[in-house]
Amino acid sequence: MSEARDAILGGVRKALAGQQLGDRSEASVDARLDGRPRGIIPDRVAKPHDALVDLFVTMAEQVSATVVRLDGLNDVPEAAAQFLADHNLPAALRLAPDPSLEGVDWTARPMLEVSRGPARPDDVTSLTASVAGIAETGTLMLASGAGSPTTLNFLPDNHIVVLHEGQVVGAYEDAWDRLRAAGGPPRTVNLVTGPSRTGDIEQIIQLGAHGPRRLHILLIADGADGGP
Amino acid sequence: MQPTSLAFKDRARDAVTDAQLQRALLNMKPGFQQRRAATVAKLPEFEALRDQARDIKNHTLANLDTYLLRFEERVVANGGQVHWARTGREACEAIAEICRRAGARTVTKGKSMVAEEIGLNDHLEAEGFTPIETDLGEYIIQLRHEAPSHIIAPALHLVKQQIADTFREAHTDLEADRPLSEPRQLTDEARAMLRRSFLSADVGITGANFLVAETGQTVIVTNEGNGDLTQCLPRIHIVISSIEKAVPTLEDCSAILRLLARSATGQEFSAYTTFSTGPKRAEDLDGPDEFHVVLLDNGRSAVLGTEAEDTLRCIRCGACMNHCPVYGSVGGHAYGWVVPGPIGAALDPALIGLDQARHLPNASTFCGRCETVCPMKIPLTKIMRHWRVKEFESGLAPASVRRGLSLWAWAAKRPRLYRFGTRLAMRMLGLLGRRRGRIGWLPLSGGWTRFRDMPAPQGRTFQDQWAAASRQDSGGR
Ligand code: SF4
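Chains A and B, in that order, are what the protein sequence lines are. What the first sequence shows, in my numbering, is residues 161 to 388, in sequence order. What the second sequence shows, in my numbering, is residues 2 to 478, in sequence order.
The hints are simulated quantities; they were obtained by calculation from the structure and are not laboratory data. Please note: incorrect hints may appear among the correct ones.
Listing some non-contacts, in silico: residues in chain B with all C-beta distances to chain A over 10 Å [stated by the list, open to error]: (1) 185; (2) 224; (3) 253; (4) 298; (5) 411.
Think about it this way: if two alpha-carbon atoms lie no more than 25 Å apart in a straight line, the pair counts; the simulated DMTMM-like pairs of lysine to aspartate or glutamate are [stated by the list, open to error]: (6) B:10 / B:474; (7) A:174 / B:56; (8) A:207 / A:362; (9) B:30 / A:337.
We put the beta carbon where it would ideally sit given N, CA and C, even for glycine.
One chain only, chain A, in its complex shape (with noise of 0.2 Å):
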């Protein structure tokens, strides 16, 4: 195929010798790439880091998705367990083998049936852990890896996700900052925005087309610079 590679580059480069559209030049390209210069932030993430937690809830409630604000990580297999029951879903949970959930005592919870790996068909509940919330729009970040399969975040019909506060950022650019911080692009990045939802028949909105009919924040109060 590299005969049409060099067709379709060539024919770019002749035709862009007569484009209006801006300057050419492999060194403007090199500084933006290694630059990433910021456009526009919108102002309402201009925010101190607590108006920005309050921001995030909001804007994650406004697209169907809930959340509750628990003191810390032991509270967790409550609030799943609530989630559940509050739902009438199975007593079971699907974990990522997150190390940042490794402190999460399920013992304290023994009739829920709780087991690590990547999701099953017949998975009805997960529970993840998440990069960032992005309080802009209410979206989290997750990302694959070796603790967080992808397919938690799409196969089961509810997905429970640990966010700690600290974890709460204004805008897209900066979860991408934080996501550079730890290396570089995953294999796959999710910026999820509320449950699935489709508005294919007749443009009324339905929730869960293919992905989770639910999704649940679990939000963890840990200041401003806790969080994994």
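Starting from the structure of chain A, add chain B with the ligand where the hints point.
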């Protein structure tokens, strides 16, 4: 997809008398227009973001060769493969070859207008594979053997009763008398049916909204989650994307993403925005073993440097068609190709040829609503006007139109004659419509008066009024 745009006039005529289609099109106002307006009003930076997005994309296109090379480098560095395809045919063959080597049988697909453009499903079927559309709208039209009528809502032309009938016909292993009158029931049935496909597919094919040069990521923006199940479950993930989808960095991508969902569906952000690069890593517990990106040109490079080059900024949000009175009256199928509406009228002549698409740039009142909402500030009416001129120059316009236009041009270049003529015509038309205030028949204008009355002119010509107003203006100062 074979263009049928030459049948625009006939199809448009049928469309306006199709009661079900008209009912479906009415959903656009509350569904798209009002939601967009409400969401845009909540972001004071929206206008500034439009200018910024235009500049980002202009810079990228002006350096497209370099950005594509950087993108390719990053994909390969992450263990993925890039395939270049000049034509739809080459892209289809590359994809079929990957499927063959993998010994694939079923192929799930996320929504991709580029895949529609190149007729990928037909090609895969002919090669013995079973492609399954998983976006709800695409799934519905695949069952009905139809083309999409809208770029983000492919089944926009249907009402729920038609969808229920389609499901009853297709899902014969379900109870025949099950209730299917509500969108909820229809959505749940499709969800259950497609689960099996997601789990059994060997290959997943998605499109791309963006190609990030910085990281080698392909990006899809969806609401249903089908695109994600399509790419995280099968052994192989293939991305089919046209070359103009490149953006430099994640910052640039985020900047344009702020416009996309708001313009498209009136959401602040779509439910799922997914960035993918390479196959699964050594430590990953799931994900595809292979990652392929097919980069398609299919006429795009030839649009650079032409009057239509601004169309390459398009992010396929659909806002222009959602707000177009012509699209709103005739729907998408009348346009006869995969991209309908104002962007179709500006882009399709460049991609499928003006001879095929010549009616489309004429299907506009030039009201300009498309441009007011286009997040990428594409001068759609300017480009349509360019195609109209081209159509005239190249002799594609029918002889009667050419003669009429030449006659008008001859008169318009002689101001005295023109003024005299228009005054005379006005007076005569005024007399003709004196009794009813409108005119039901005119010589040489049957095309207009067959469907509507022409209002009878009253008072003086525009030029006379203008002259009088200017005199008054300068006199008053
Ligand atoms: S032309 Fe503009 S409004 Fe129309 S689909 Fe493209 S980006 Fe959206």
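Structure-based check of all given hints:
1. 185: Not fine: 6 Å to the nearest Cβ puts residue 185 of chain B too close to chain A.
2. 224: 5 Å, violated
3. 253: 7 Å, violated
4. 298: Check fails; 5 Å does not lie beyond 10 Å.
5. 411: 33 Å, holds
6. B:10 / B:474: 45 Å, violated
7. A:174 / B:56: It holds: about 22 Å lies between the C-alpha atoms, which stays within 25 Å.
8. A:207 / A:362: 39 Å, violated
9. B:30 / A:337: 39 Å, violated
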